[in-house]
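Visitor: Spelled out from the first residue to the last, the chains are:
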Amino acid sequence: MNGPDKDGIMSPSRTGREIYELIQELYPICRSITGNGFRQSMEILQRHLPLAIQEVPSGTKVFDWTVPKEWNIRDAYVKNAEGQRLIDFRKSNLHVVGHSVPIRQTMSLEELRPHLFTLPQHADWIPYKTSYYEENGDLDSGSLTYGELYLPGNEQEEILISCHACHPSLCNDNLSGVGIATMLAKQISLTAHRYSYRFLFIPGTIGAITWLARNEDKIPNIRHGLVLAGLGDSSKITYKRSRLGDADIDRAASHVLQNSGLAHQIVDFDPYGYDERQYCSPGFNLAMGCLSRAPSGTYPEYHTSADDLDFIKPDRLGESLCIVSEALHLLESNRTYMNMNPKCEPQLGKRGLYSSIGEAERALLWVLNLSDGSHDLLDIAEKAGMRFTSVQEAAARLVHSQLLRPLDIP
Amino acid sequence: MNGPDKDGIMSPSRTGREIYELIQELYPICRSITGNGFRQSMEILQRHLPLAIQEVPSGTKVFDWTVPKEWNIRDAYVKNAEGQRLIDFRKSNLHVVGHSVPIRQTMSLEELRPHLFTLPQHADWIPYKTSYYEENGDLDSGSLTYGELYLPGNEQEEILISCHACHPSLCNDNLSGVGIATMLAKQISLTAHRYSYRFLFIPGTIGAITWLARNEDKIPNIRHGLVLAGLGDSSKITYKRSRLGDADIDRAASHVLQNSGLAHQIVDFDPYGYDERQYCSPGFNLAMGCLSRAPSGTYPEYHTSADDLDFIKPDRLGESLCIVSEALHLLESNRTYMNMNPKCEPQLGKRGLYSSIGEAERALLWVLNLSDGSHDLLDIAEKAGMRFTSVQEAAARLVHSQLLRPLDIP
Amino acid sequence: MNGPDKDGIMSPSRTGREIYELIQELYPICRSITGNGFRQSMEILQRHLPLAIQEVPSGTKVFDWTVPKEWNIRDAYVKNAEGQRLIDFRKSNLHVVGHSVPIRQTMSLEELRPHLFTLPQHADWIPYKTSYYEENGDLDSGSLTYGELYLPGNEQEEILISCHACHPSLCNDNLSGVGIATMLAKQISLTAHRYSYRFLFIPGTIGAITWLARNEDKIPNIRHGLVLAGLGDSSKITYKRSRLGDADIDRAASHVLQNSGLAHQIVDFDPYGYDERQYCSPGFNLAMGCLSRAPSGTYPEYHTSADDLDFIKPDRLGESLCIVSEALHLLESNRTYMNMNPKCEPQLGKRGLYSSIGEAERALLWVLNLSDGSHDLLDIAEKAGMRFTSVQEAAARLVHSQLLRPLDIP
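Protein chains in written order, with my numbering: chain C, 2 to 411; chain G, 2 to 411; chain S, 2 to 411.
So that you can see chain C by itself, here it is in the shape it has in the complex (with noise of 0.2 Å):
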């Protein structure tokens, strides 16, 4: 897979435009847990990649969950006694409260008051609201429909990228995270990988637990994984910790970040925020982390029509796929090594690795030390306080003079 440039980041303009363009164009549907809108937004995802499209139907057990009922609409609005869309879907799919059920009424202010939601300090923002799971008997059933992909690599165990695809008119959350995951997705399929990917387009929630329950038994492949969400705006990358909490995810994107230039905060894992509630229940606890920047809900634009077009940036988008990408080049490229002349150090001079003692000289010397076969590169990139970039070169310089040699990989 493409790895990161000599500066350890990709130049983020170019895939960050792509990304945005694809939001731009995703932005007017309007999505829900199922329906229509969901589906369509697929198909344009489909435009980019080979994605298998999953229905599963409405009233499917899922764990201790039930696939919902169907949820399509095609307008919705309020009218004043002299005939006026005061409030109109046509202008905002976040207008209705989404998985409402039908309705034609005429109504007093005060009988339609406590369906109304405003933002008190923002009037002229339109909150998000769903009633995904209450009671709405005036739904059909139908299903719910998600995206898979599988990227076969050379080992079996894979890497999961999920990402929430669920949500109506809102950019960071998470068309931004359905773009990078898209254009990762293209990067990989072009490049030889060693690992597996798969890549999950799903709703929030059910679609994670839908997947979980659907697919247990490709649960003992998945080796490291990564949940993206809000990745568009302008906060500091966030990356939180699996429940792990020392995964070789959680290693390799704190060390990705830490060497970024980029600001940043590591987190410890907690029991909500996106779809790793589910990948990191008790009963699986994969390693997966989340990848984002604002983390969900501390931000005033979090689940309102202020979440759009302007609040995403392309450079911003840019710069989290790089990281992720990075992050992924890391695993692909970490591995256990045994010094092959263990006994004192060999002699560089006779091997022309030896020139003056530098960085590249000192990696080399640091690979030796430590590859006894209980340290993987990145253990030694810690260790030794440099970039994995250049640990990696010295242990492709040391296998190269056949000082070195992989540990097989079980």
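What the hints contain is simulated information worked out from the structure, not anything from laboratory work. Mixed in with the good hints there might be a few duds.
Pairs count within a copy or across copies, as identical chains cannot be separated in the list.
Said to hold, decoys possible - List time: in silico DSS-like cross-link candidates among lysine-lysine, alpha-carbon distance up to 27 Å:
#: 1; residue 1: K237; residue 2: K70
#: 2; residue 1: K92; residue 2: K237
#: 3; residue 1: K351; residue 2: K62
#: 4; residue 1: K314; residue 2: K237
#: 5; residue 1: K219; residue 2: K62
#: 6; residue 1: K384; residue 2: K314
#: 7; residue 1: K70; residue 2: K351
#: 8; residue 1: K351; residue 2: K92
#: 9; residue 1: K384; residue 2: K344
#: 10; residue 1: K237; residue 2: K344
#: 11; residue 1: K80; residue 2: K344
#: 12; residue 1: K237; residue 2: K219
#: 13; residue 1: K314; residue 2: K70
#: 14; residue 1: K314; residue 2: K80
#: 15; residue 1: K92; residue 2: K384
#: 16; residue 1: K62; residue 2: K384
#: 17; residue 1: K344; residue 2: K62
#: 18; residue 1: K62; residue 2: K80
#: 19; residue 1: K187; residue 2: K130
#: 20; residue 1: K219; residue 2: K130
#: 21; residue 1: K351; residue 2: K130
#: 22; residue 1: K219; residue 2: K80
Fit chains G and S to the supplied structure of chain C, relying on the hints for placement.
Guide: Structure of chains G and S alone, referenced to chain C:
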């Protein structure tokens, strides 16, 4: 047993006043490690508690020690040539060296001087001096007395509460501990409790050694314990960890203090102080910490007549009792549970457990996520950064919804 | 062996002066990794120590390396057209690149210039340059020389002290290490000692590799060790941990430095520096740290003619020796004891061990409390926050009172 109120701290005023009144009654008695003063004190406690009084004959071998002879005193004084009582036991029992042998002799001031102890910096304070284990052949054989109260609980495992009750007219050290232990025992005896409780009112050092030597069969039952001493002064509260360092009692006391809003310090075990020296000797290594305010020996009033009824405060006594009570309450409630729906989150909404994302729901999610058999509720509270009581309430709601089941306690 | 005085540090003046005088004698000799200069230096050391001189023939394979040819030099110069010696080996042996091949040739300045090395920032200093492992076919076969001294102790387990002795007229690097090791060996040879000691005076890198390759059978006996280098300058003392990181030598050196009152730093192992590179290679991973002052390569005088007799100070040399000596003394004395009276405290008073509660009695209590078979005296000193010597004295008193017994040493 009684738990803390909603603010986490019981109002200390009423119980503090009761403890103080008991101390007022005990204060004038001339106690020592043996003798009638100690017995008389136990009789007063028996008016509050069904205390068993144990008598261990002088000369009994207890590990490396021997139960000493009995010390009883009726009167003592130093008269001048005019017959005036210049130093008078009737004014303060501290005027006589504890466990000293009877003497009636006329001597010069020069001869007397080596037997006089004063505090140069506090000329009006009387230092508390003893000669417990010196040769005192003129004393009579008798017995060592201690009080013991056993309150059986649902389980055979015990919590041991120990306080030394051998000091004469000294309030903080340790009528404060005696008073608090008495009130605590009253509270516990009135309520259902999971653990069995054992209260020891013993002479310091020799009493703990005697009890341990005579009760080796009971020691395997001791699961947690506390030494109570010096709890009425106005310094911040000190919790001294058990020798184990991270026993449940250590974690419980730390959690309660950290959430108490009270000034406190938590210090590591060291092998001097009160009777934790014996309980935490390497041959026993019991999970017993020590709760005090100013640690022993660190304040000028320590072991002087200034440690009097003015030095201790009812509110401080009550506050100290609250901390002990809350820590025990936490231990009583602390359990490990299993999430019965470990694969993905359960649907809280359909069980009426989901409101909005507030502290209560977060506690539900934390308990579900970490109830994998290897985290007890206190672990969860610590990881979640929440009060134990919030986590405990969440667990109760989840048990009620059959989403959680306690692990059997061996 | 000699221990520290009461203040924990031996007066460094006398021994420092002796070391300095030895360095003065060694300074003019033109040493290299092989050759007569090294031999002549060993002969001087033999006047102080019964050093065994080992000769290993050129061409001998030692792990990945080959013992090089021998380098001997009588004279070298660059004359100008007038026959004046502009660059003169007789003025400083640093004027010649170490291990360079003989040449007699007339050339222009332009032809000569690539063979000249200068220090732009210190025009009057001569840089120390070598060409050890380049092709130097014009040299003669011979042997590599090193000095070895084995001082058998009560136990077969060894402490290995290693210093490189191959540099020409350079004082801090490393006549300082040579001098200190010599004086230390003299001290140890005069006193009883538990461990066996082995001193190596070797050429850097190739000497350590050669010794390790020829002595693999002795390596299992090496329990602790130190590389001594750069110990005469006026910088703070640096202890570099072994690759193990928390070996006894690491703990001992840290304890001694922390209690020395001297400026110091303790740094983690890294795979460059002195011969710890070889001793701590993963195939050996010996418990060997490195003691120096300014670390190698971090000061301008390093590897230049400015590292001369003025750059090192007798007091600093003496001080460095004291630290080494104390750390070894600590290792000699460090043992694990068993408390023979583990249940409750023993009655110290009846054994004359109890005075008042001072540092000495606290040390008794700490030793008793932690002598459960899993804490050695250094552990106890660390936990108690006391000097090792206090804890050691307490242990001795307790052994004398039969309250403590050393655990057999395997």
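Visitor: Under the constraints set out in the numbered hints, which ones does this structure not fulfil?
Guide: The structure conflicts with hints 1, 2, 6, 8, 10, 11, 12, 13, 14, 15, 16, 18, 19, 20, 22, although it agrees with all the remaining ones.
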